[in-house]
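As a plain string of letters, each chain reads:
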Amino acid sequence: MKNSILTFLLIIFLTNIATAQFQSGESFVSGSFFNNLNSVSRTDNTPRFNAYNHYINLSVGKFVRDNRALGWGLTHSLSTASNSALQPEPTLLRDISFGIERFAEYYKSLNDKFALYARPALNLGYAFKNSNAVEQNLVVYESKINTISISAGISAGVVWRVSPKWALYGGFAFLNPISVGYEFSETENFQNKYPNGENVKSTGNAVTYAFSPNLSSGSIGLGFRYFYGGK
Amino acid sequence: MGTWLSLGNVYGQIQKGTGYVGGTISFEGQTKKDKEKAEALNTSSNWVQSIAPEIQFGKMIGERTMLGLGVRYNLQYNRYRYEAADLTNTQLSQGIALLPFIRQYKTLGSSNWSVFLHGEIGPQFQSVETTSTQGSTPVTQKREYWQYGLSIKPGIAYVSKKNGWAVEGYANILSLSANYVPSKDDAGRVFMLNTGISTSFPNLITLRIAKYIFPKN
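Protein chains in written order, with our numbering: chain A, 1 to 231; chain B, 232 to 448.
Don't read these hints as lab results, they were simulated from the structure.
Remember, predicted model here, so these are calculated numbers, not experimental data.
Please note that the accuracy of each hint is not assured.
[As the list claims (entries may be wrong)] Straight-line alpha carbon distances no greater than 25 Å define the calculated DSS-like cross-link-like pairs of lysine-lysine that follow:
1. B/Lys392 x B/Lys290
2. B/Lys337 x B/Lys447
3. B/Lys268 x A/Lys201
4. A/Lys108 x A/Lys62
5. A/Lys201 x B/Lys264
6. B/Lys337 x B/Lys266
7. B/Lys393 x A/Lys108
8. B/Lys263 x A/Lys201
9. B/Lys263 x A/Lys129
10. A/Lys193 x B/Lys266
11. A/Lys144 x A/Lys62
12. B/Lys392 x A/Lys108
13. A/Lys144 x B/Lys268
14. B/Lys266 x A/Lys144
15. B/Lys266 x A/Lys201
16. B/Lys264 x A/Lys144
17. B/Lys384 x A/Lys193
18. A/Lys144 x B/Lys263
19. B/Lys263 x A/Lys193
20. B/Lys442 x A/Lys129
21. A/Lys193 x B/Lys447
22. A/Lys129 x B/Lys392
23. A/Lys129 x B/Lys266
24. B/Lys337 x B/Lys415
Working from the sequences, and respecting the hints, build out all of it.
Written as structure tokens, this is what we have:
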């Protein structure tokens, strides 16, 4: 099934290549980034609230043939939140992840400035997450979850070559059919105590796998790319 | 195959008599174990598996119209075991649906792309069996019911003119679905109607693989 999907995308993107917009030998560095800070504090006694998150993606690659590139990518994300209304106050760090990916890119030119691309990729990721459940401002439990996952996917989008050195990328279709993950976690239960007053703690292990041939549009991501080398 | 190629190029249509087999599958699972640090006996384990295959057979009865029958099956199994209380809960949920369908095709120019409108209507049989075992006394509950569904959705297909292999997806741009669960025992009748129109890029499309079997002549 996966082979057929790959073949399908290859057929679309490799047939009828009119002009080689991306030439063999060109190298590139590309990146995308977002960050977000939200802070509410007041002089009266009402609770304060802070949230911050960011996402960074960096990739490097080289066109091994006209309209075909191979490369490596790194992703990192961080999310923190504090909310003094909750008791006991949950850990500031909510989410941190690191990922490495190996990707290939196939292009089909639309005209001399725009092209479509398909990008199959293999990902290896690690994520740490503090997850909690809240009931009427009381934290019921907090789990520290570590996840290691491997996934294979394809994304597609449109690229606008603004100048010979610069291009703008926008992804609009994402397919992540295959994923396998291992997870180990530690949970502290704040409302379930031993007779000596200590919170009940437990550990967990999980293995997950999924095959789902769903194409999603996700949120449209934009990225920049700088080209160097080549002719 | 040659016929298809020429017909496809000239008229932008699929030849009458073309056979069709298509399908998709998704599955996922999880195995999880939780252990209490201070009380080793307070261990629980959870095993979840689900699989949902679908297959469709059809035939072009005209240049643009296909009639066919689809079979959809889903299985979900969940097993939870809590050692300290010697408790095991299992749930097995299965459903099978027989869905006759009609499709109206429109080939986009002389390309490999076609758009189609897919309408299906049919019964689904669902059974849910729950077993709870504490010690050595299992308590089983079984619930079975029929429901009837109707849905119309647009789709897009990429068909290789060489060998008939295709990738297709339904889009949820326009949808209409109705579900009817008849009254049984003390449970009441349920009628659900869902409609929606959206101009945004569809958020989720399930891809399916298909094969168009062109008649030899």
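Now the hints, each set against the structure:
Taken as a hint, the B/Lys392 and B/Lys290 pair is honoured in the structure, with Cα atoms around 17 Å apart against an allowance of 25 Å. Proximity of B/Lys337 to B/Lys447 is assessed by CA-CA distance (about 22 Å); at most 25 Å being required, the pair is judged to hold. The hinted pair formed by B/Lys268 and A/Lys201 meets the criterion: a straight-line CA distance of about 6 Å does not exceed 25 Å. Using a Cα cut-off of 25 Å, the hinted pair A/Lys108 and A/Lys62 holds, with the two alpha carbons roughly 17 Å apart.
For the hint linking A/Lys201 to B/Lys264, the alpha-carbon distance of about 14 Å falls within 25 Å, and the restraint holds. Between B/Lys337 and B/Lys266 the alpha-carbon distance is near 58 Å, which puts this suggested pair outside the 25 Å criterion. The suggested pairing of B/Lys393 with A/Lys108 holds, with an alpha-carbon distance near 21 Å, which does not exceed 25 Å. At most 25 Å may separate the alpha-carbon atoms for a hinted pair to count; B/Lys263 and A/Lys201 meet this at roughly 16 Å.
With a C-alpha separation of about 17 Å, the suggested pairing of B/Lys263 with A/Lys129 holds against the 25 Å cut-off. Taken as a hint, the A/Lys193 and B/Lys266 pair is honoured in the structure, with Cα atoms around 16 Å apart against an allowance of 25 Å. The straight-line distance between the Cα atoms of A/Lys144 and A/Lys62 is roughly 39 Å, outside the 25 Å bound, and the hint therefore fails. Simply put, B/Lys392 and A/Lys108 have alpha-carbon atoms about 20 Å apart, close enough for the 25 Å limit, and the pair holds.
The straight-line distance between the Cα atoms of A/Lys144 and B/Lys268 is roughly 14 Å, inside the 25 Å bound, and the hint therefore holds. In summary, the hint linking B/Lys266 to A/Lys144 is supported, as the alpha carbons are separated by about 14 Å, within the 25 Å threshold. The straight-line distance between the Cα atoms of B/Lys266 and A/Lys201 is roughly 9 Å, inside the 25 Å bound, and the hint therefore holds. At roughly 15 Å between alpha-carbon atoms, B/Lys264 and A/Lys144 fall within 25 Å of each other, so this suggested pair holds.
Distance hint between B/Lys384 and A/Lys193 is unfulfilled; the C-alpha atoms sit about 53 Å from each other, more than 25 Å. For the given pair, A/Lys144 sits about 15 Å from B/Lys263 by alpha-carbon distance, which is consistent with the 25 Å threshold. Proposed proximity of B/Lys263 and A/Lys193 is supported: the alpha carbons are some 23 Å apart, at most 25 Å. A C-alpha spacing of about 44 Å is found between B/Lys442 and A/Lys129, which places the hinted pair above 25 Å, so the restraint is violated.
Restraint check for A/Lys193 and B/Lys447: not satisfied, since their Cα atoms lie roughly 75 Å apart, outside the 25 Å limit. Between the alpha carbons of A/Lys129 and B/Lys392 the distance comes to roughly 48 Å, so the proposed pair goes past 25 Å and is violated. About 19 Å separates the Cα atoms of A/Lys129 and B/Lys266, which keeps this hinted pair within 25 Å; it holds. Proximity of B/Lys337 to B/Lys415 is assessed by CA-CA distance (about 43 Å); at most 25 Å being required, the pair is judged violated.
Hint violations for this structure: numbers 6, 11, 17, 20, 21, 22, 24, all remaining hints satisfied.
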